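Peer 1: This is what each chain is made of:
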Amino acid sequence: MINLKNVNKCYGQKIHALKDVSLSIAPREFVSLVGQSGTGKSTLVKLLIAEESPTSGTIVVGGWDITRIRRIEVPMLRRQIGVVFQDIKLLERKKVGENVAFALQVSGAPRSRITSIVPKVLKIVGLEDKIERYPRQLSGGEQQRVALARSLVHLPKVLIADEPTGHLDAPNTREIIELLLRINDFGTTVLLVTHDREVVNNLRKRVITLDNGMVIGDQKVGTYIL
Amino acid sequence: MWLVTFFRAGGFALQNVFRNFSLSLVTVLIMVVTVFSVNIVLVLQLLGVTALQSVQERIDVSLYLKQEVDEQAARGLQSYMRQLAQTESVDLLLRDRVLAQFQDRHAEEPSVMQSLKALGDNPFGSVLIVRATEPQFYQLLIDTINASPYAQLIEKQDFEDHRQVIGKISNVTDRLRHIGIGITLLFLLITMLIVFNTIWIKLYTHQEEIGIMKLVGAGNWFIRMPFFIEGLIYAVLAVAAALGLFFSFADTLQPYVNDFFDGTAINVVAYFSERLPLLFAVEFGGLAVLTLIATTVAMRRYLKV
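If you read the sequences in order, they're chains A and B.
First residue of the first sequence? That's 63 in my numbering, and the numbers climb one at a time after it.
First residue of the second sequence? That's 1300 in my numbering, and the numbers climb one at a time after it.
Check the hints yourself; a few may be wrong.
[Said to hold, decoys possible] Below, computed lysine-lysine pairings styled on DSS-like, alpha-carbon distance capped at 30 Å:
id : chain 1 : residue 1 : chain 2 : residue 2
1  : A       : 182       : B       : 1513
2  : A       : 192       : B       : 1513
3  : B       : 1513      : A       : 67
4  : A       : 67        : B       : 1455
5  : A       : 182       : A       : 219
6  : B       : 1455      : A       : 108
7  : B       : 1603      : A       : 81
8  : A       : 192       : A       : 157
9  : B       : 1365      : A       : 157
10 : A       : 219       : B       : 1513
11 : A       : 156       : A       : 81
12 : A       : 76        : B       : 1603
13 : B       : 1365      : A       : 108
14 : B       : 1416      : A       : 157
Hint data in this document are derived by calculation from the structure and do not stem from the laboratory.
These numbers were taken from a predicted model, which means no experiment stands behind them.
Turn these sequences into a full structure, and let the hints steer you where they fit.
Peer 2: What follows is the structure, given as structure tokens:
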């Protein structure tokens, strides 16, 4: 599903964010990408969603070589990859349902599809009864679940969760991880980017470890080794 | 799909207009001033042309023949002039008639009548009053006569006086028009800067929303389109408001125009009402192009999609 081959990313002459990264993630896999702050995890996410281009190397997502993707193709890629971030990125002026529907509206989806999909994805994340609430009326965990619901509306093949539990307490963190596992059970490939040792150790899933821009570990059933 | 996208982008554009309403209002007001100033230039142009036509319609050229030119020679010149394609009419006042008219005009002025008597004989020559088919043909007619053998019959002609009046009106009209165009260009420039600034501020305040749009797979055009549509909404509102204001102004102006032109002048409101669809289309088109340029420049500079 995701293949990186000898990927390098440099910012100017001095900063080498990713060094010769090669990895492969199979469809339906659940992978944790771990590493301390500044090791290149977020850079890798930016490359996967084509926010930036690699300096060298090849990136293939779902059979699509996005190494030199054209600007016009980026929206199509992003409809195939769901993304959630630590800072959640919900629109405060829109209700829960509107936030989720927004992803479909801006992609030109017809109204019938929107009214059909939005309640379904909100049900998956357990927020079907909070469709009329505003984000400020929800807890941090619930807000992150709304973001997850929004990332699912295009039925993505891949879900990238970049530090989704970064500022959540333990119960909310558990909820989000359980939700990611459920989404993975539906057949979506999940890439969880985190530096939360406890989360990674409890998952008992594949772990790829990045350090100083390089892959230093890839365990089939791994733990947080740093 | 395209229609859905367009209407949805239109919805976002309307949200943009109302979200920062005071900024939108200022932008529209500046546009209204611009369109209004364009309309004022058009009125000045119309009144200038009307004034010129009014003067030109009253113009004729009088050819004063020498005292010794007899009736036969005068009629010969009249026939020659009638044959020219540029002449509308040629009236001949024989010298006896000229004298009679002079006496009628100055009957109440004894000193003038005494002077005339002292001269003894009729001091006037015959007069040919020439009207051209178009005002611009007068010079050609004068040149034609001067080049003909009949030139020696003519004592003087009064075309120069008329030419100076026409020239003066033309100069004033041209100057007013140039000033109007200058003011309009200035407002156009200000409008462009204001629209640029408005879109820039809107882009800044919508940063988060645009970021999310990109994240969830909105097409580049879908992100841009609401800002273009927003500019077009401003243009429609501004042209509609400016024309409303302009017609009220024209209605107020009309009595003064009537007084100035002796009641025979053009009806400004009727003139522009007849041309309202064209006026709206041209002014909206111009403003739309202006806002699209300003929006494109602002987006190129501040929006990375």
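Peer 1: Determine for every hint whether it applies to the structure shown.
Peer 2: So, going through the hints one by one against the coordinates:
For the hint pairing residue 182/A with residue 1513/B, the CA-to-CA distance comes to about 23 Å; that is within 30 Å, so the pair holds. Of the pairs offered as hints, the one joining residue 192/A and residue 1513/B holds, with about 25 Å between alpha carbons and a cut-off of 30 Å not exceeded. Taken as a hint, the residue 1513/B and residue 67/A pair is honoured in the structure, with Cα atoms around 26 Å apart against an allowance of 30 Å. Of the supplied pair hints, the one linking residue 67/A and residue 1455/B is violated, its CA atoms being roughly 101 Å apart against a limit of 30 Å.
Proximity of residue 182/A to residue 219/A is assessed by CA-CA distance (about 17 Å); at most 30 Å being required, the pair is judged to hold. The hinted pair formed by residue 1455/B and residue 108/A fails the criterion: a straight-line CA distance of about 92 Å is larger than 30 Å. For the proposed pair residue 1603/B and residue 81/A, the alpha carbon gap of about 27 Å is at most 30 Å, so the pair holds. For the suggested pair residue 192/A and residue 157/A, the alpha carbons sit about 9 Å apart, so the restraint of at most 30 Å is met.
For the hint pairing residue 1365/B with residue 157/A, the CA-to-CA distance comes to about 98 Å; that exceeds 30 Å, so the pair is violated. The hinted pair formed by residue 219/A and residue 1513/B meets the criterion: a straight-line CA distance of about 18 Å does not exceed 30 Å. A C-alpha spacing of about 41 Å is found between residue 156/A and residue 81/A, which places the hinted pair above 30 Å, so the restraint is violated. This hinted pair checks out: residue 76/A and residue 1603/B have alpha carbons roughly 25 Å apart, not beyond 30 Å.
With a CA separation close to 100 Å, the supplied pair residue 1365/B and residue 108/A exceeds the 30 Å bound. Among the hinted pairs, residue 1416/B with residue 157/A is inconsistent with the structure: their alpha-carbon atoms are about 105 Å apart, more than 30 Å.
Violated hints, listed in ascending order, are 4, 6, 9, 11, 13 and 14; each of the other numbered hints is respected by the structure.
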